[in-house]
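S.K.: As given, the protein sequences belong to chains A and B, one line each in that order.
Letter 195 of the first sequence, counting from 1, is numbered 210 in the numbering used here, and no numbers are missing.
Letter 140 of the second sequence, counting from 1, is numbered 418 in the numbering used here, and no numbers are missing.
What the hints contain is simulated information worked out from the structure, not anything from laboratory work.
Note that this is a predicted model, so its numbers are computed, not measured.
Heads up, the beta-carbon is just placed ideally off N, CA and C, and yes, glycines get one too.
Just so you know, not all the hints are guaranteed correct.
[What the hints assert, rightly or not] Computed far set for chain A versus chain B, every beta-carbon distance over 10 angstroms:
{"hint": "1", "residue": "R34"}
{"hint": "2", "residue": "T71"}
{"hint": "3", "residue": "G98"}
{"hint": "4", "residue": "M111"}
{"hint": "5", "residue": "F113"}
{"hint": "6", "residue": "E134"}
{"hint": "7", "residue": "H135"}
{"hint": "8", "residue": "G196"}
{"hint": "9", "residue": "F284"}
{"hint": "10", "residue": "M288"}
[Stated by the list, open to error] The calculated label-pair distances, taken between Cβ atoms and stated as ranges, are:
{"hint": "11", "chain 1": "A", "residue 1": "R108", "chain 2": "B", "residue 2": "F535", "range": "34 to 44 angstroms"}
{"hint": "12", "chain 1": "A", "residue 1": "A104", "chain 2": "B", "residue 2": "L315", "range": "13 to 23 angstroms"}
{"hint": "13", "chain 1": "B", "residue 1": "T513", "chain 2": "A", "residue 2": "R37", "range": "53 to 63 angstroms"}
{"hint": "14", "chain 1": "A", "residue 1": "D214", "chain 2": "B", "residue 2": "G290", "range": "34 to 44 angstroms"}
{"hint": "15", "chain 1": "A", "residue 1": "G232", "chain 2": "B", "residue 2": "R288", "range": "44 to 54 angstroms"}
{"hint": "16", "chain 1": "A", "residue 1": "A215", "chain 2": "B", "residue 2": "F294", "range": "29 to 39 angstroms"}
{"hint": "17", "chain 1": "A", "residue 1": "T39", "chain 2": "B", "residue 2": "P312", "range": "28 to 38 angstroms"}
{"hint": "18", "chain 1": "B", "residue 1": "R299", "chain 2": "A", "residue 2": "G249", "range": "36 to 46 angstroms"}
{"hint": "19", "chain 1": "B", "residue 1": "L333", "chain 2": "A", "residue 2": "T39", "range": "46 to 56 angstroms"}
{"hint": "20", "chain 1": "A", "residue 1": "D184", "chain 2": "B", "residue 2": "R299", "range": "48 to 58 angstroms"}
{"hint": "21", "chain 1": "A", "residue 1": "V274", "chain 2": "B", "residue 2": "L291", "range": "31 to 41 angstroms"}
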Amino acid sequence: MATDPPATTAPQAPLVCIRGLRFTRASRVIFDGVDLDIPRGKVTAIMGPSGTGKTTLLRLIGGQLKPMAGSVVVDGQEVAKLGHGELYALRQRMGMLFQSGALLTDLNVFDNVAFPLREHTDLPEAMIRDIVLMKLEAVGLRGGHQLLTNELSGGMARRVALARAIALDPMMVMYDEPFAGQDPISMGVLVKLIRLLNDAMGLTSIVVTHDVSEAMGIADHLYLISDGKVVEQGSPAQLEDSASAWVHQFLHGEPDGPVPFHYPAPDFFEDLMAGEQ
Amino acid sequence: MLGMIQRLGRWGLSFFRRLGRAHLFLLEVLAGLPSLLPRPGLVVQQLYSVGVLSLLIIVVSGLFVGMVLGLQGYNTLVDFGAAESLGVVVALTLVRELGPVVTALLFAGRAGSALTAEIGLMKATEQLSGMEMMAVDPMRRVVAPRFLAGFISMPLLAAIFSVVGVYGGYFVGVGLLGVDAGAYWSQIQDKVDLHEDIYNGVIKSLAFGFVVTWIAVYEGYDTVPTSEGVSRATTRTVVHGALAVLALDFVLTALMFGDI
């Protein structure tokens, strides 16, 4: 039974409050009664096996998808009930880092970071230049502001996308699989940036990932999602101490356990004999 | 038999669902047009890529179509001793029919396919989603300027096509086959009516511009976000765009010139 969300505008209240969330795609249930709070000013990691709907959760928080039941409340506003103007006003206070970076390919690095500033503000070009260079400096790419998007490596593209996501000084940033497919150095840079930006800018960060060690190292609070439900939550230390065999298997990457190595199948011997007959 | 009826039903439902989505999409695009008023630069940029970059194919095609009309028209008219009327045959054929129709077909192939591929790839690479999350409405920022640019470009391109075609006919008829230059131009001046011919041609090209650009931006926006999906959407733009132009041309011609 979903509990009522707390008032989320108070300074200490969670920034994002999800209650009784249900979402399905065709006949597949993605979320079935998920309750989840994202505390303000913290880095919260949402982990789970591939295909559990972690990215879908970010899209529900950003209002790109609507829940079938339940509520997603961001900073006191129920996202699904907002009109077009209110939703877009709320999104100006959110940043999102897509797995692909989602940079605009017809613009260079500088113009990509300047894009939200030019769209939403009337700042003079000189000031936009200063802000863009400051944001690029923060992600270590000020020297590459004239590069085209096709000249960037995967890690660099994500850093540019991160600079763009924080261009309007949002209250929260959502990271969709920021570490996927990164080499160790890029991974280290991204881990450092997420923590640093969160603390320096007073952000609230939501990191969706299945990279256990990075998530455990960076997050203040973690949620483990599987089969449409929150399986476990807590600090990294609390998760390490979890009694759940599933959590243990997931965190340590064990090949067999509650999630079996074998796909359900009839008896092996009988299966082989069936071929003989 | 039952299976066939089921398939037909499924096809029908899917067709009407798509048609409904396309109309809702159009309403959203039209609602987004006023947001372009304070930002004419967005439309000018698209006028360049949709209109100006289509000029070469339009001019070259117009020239050749005009030359062929001049040649074929002369061969027919000369048998009746009416070669002096070549100018009006070329001009009316172009202004009333071939100008708007051939321009629209070329436009669907050149600019329509480019629009679909561009928007489709933006969707496949999450650029449209990224814009939404940056609180920038892609319908207003991406789709509406392209739609308006296509709508404005088409009559201008069709006019250029017709003018170049008339000169093509002049080149063959007067330059090569010896038709009197004065007769060529004076017949055009005398017989081509501003309301009956030119306005109707402009209305046709506006209608074709509306439909072809609508199909192109819709197919791009509705594409399945994979490389195969974009490829299919681009093909659909050209095929559906061409069929829509030809069908619409018959309806408009019947309304404007026919006694049906």
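S.K.: Next step is simple, just say for each hint if it's right about the structure.
M.R.: Now for the hints, and whether the structure bears them out:
1. Here R34 of chain A stays apart from chain B, with its beta-carbon at least about 23 angstroms from theirs, past the 10 angstroms limit.
2. Its beta-carbon lying about 12 angstroms from the closest one in chain B, T71 of chain A satisfies the requirement of being farther than 10 angstroms from that chain.
3. Every Cβ of chain B is farther than 10 angstroms from the Cβ of G98 of chain A; the closest lies at roughly 13 angstroms, confirming the non-interface assignment.
4. For M111 of chain A, the condition that its CB be more than 10 angstroms from all CB atoms of chain B is violated, with the nearest at approximately 4 angstroms.
5. Not every CB of chain B lies more than 10 angstroms from the CB of F113 of chain A, the least distance being 5 angstroms, so the non-interface label is violated.
6. Consistency note on E134 of chain A: stated as away from chain B, yet its beta-carbon is not over 10 angstroms from all of that chain's, at 5 angstroms minimum.
7. For H135 of chain A, the condition that its CB be more than 10 angstroms from all CB atoms of chain B is violated, with the nearest at approximately 7 angstroms.
8. With 10 angstroms as the threshold on Cβ separation, the claim that G196 of chain A sits away from chain B holds: the shortest Cβ distance comes to roughly 15 angstroms.
9. Consistency note on F284 of chain A: stated as away from chain B, and its beta-carbon is indeed over 10 angstroms from all of that chain's, at 40 angstroms minimum.
10. Non-interface status of M288 of chain A relative to chain B is upheld: no Cβ of that chain comes within 10 angstroms, the nearest being about 38 angstroms off.
11. For R108 of chain A paired with F535 of chain B, a C-beta distance near 58 angstroms fails the hint of 34 to 44 angstroms.
12. At about 21 angstroms, the CB distance of A104 of chain A to L315 of chain B agrees with the hint of 13 to 23 angstroms.
13. Between T513 of chain B and R37 of chain A the C-beta distance comes to about 38 angstroms, which lies outside the given range of 53 to 63 angstroms.
14. Judged by the Cβ atoms, the range 34 to 44 angstroms given for D214 of chain A and G290 of chain B is violated: they are separated by roughly 58 angstroms.
15. At about 51 angstroms, the CB distance of G232 of chain A to R288 of chain B agrees with the hint of 44 to 54 angstroms.
16. Taking the beta carbon of each, A215 of chain A and F294 of chain B are about 54 angstroms apart, not inside 29 to 39 angstroms as hinted.
17. Between T39 of chain A and P312 of chain B the Cβ separation comes to about 37 angstroms, which falls inside the hinted range of 28 to 38 angstroms.
18. With their beta carbons about 44 angstroms apart, R299 of chain B and G249 of chain A fall inside the hinted range of 36 to 46 angstroms.
19. Distance hint check: the CB atoms of L333 of chain B and T39 of chain A are about 50 angstroms apart, consistent with the given range 46 to 56 angstroms.
20. Checked against the given bound of 48 to 58 angstroms, the beta carbons of D184 of chain A and R299 of chain B, roughly 37 angstroms apart, lie outside it.
21. Taking 31 to 41 angstroms as the suggested C-beta distance range, the pair V274 of chain A and L291 of chain B conforms, at roughly 39 angstroms.
Of the numbered hints given earlier, the model fails hints 4, 5, 6, 7, 11, 13, 14, 16, 20; all others are met.
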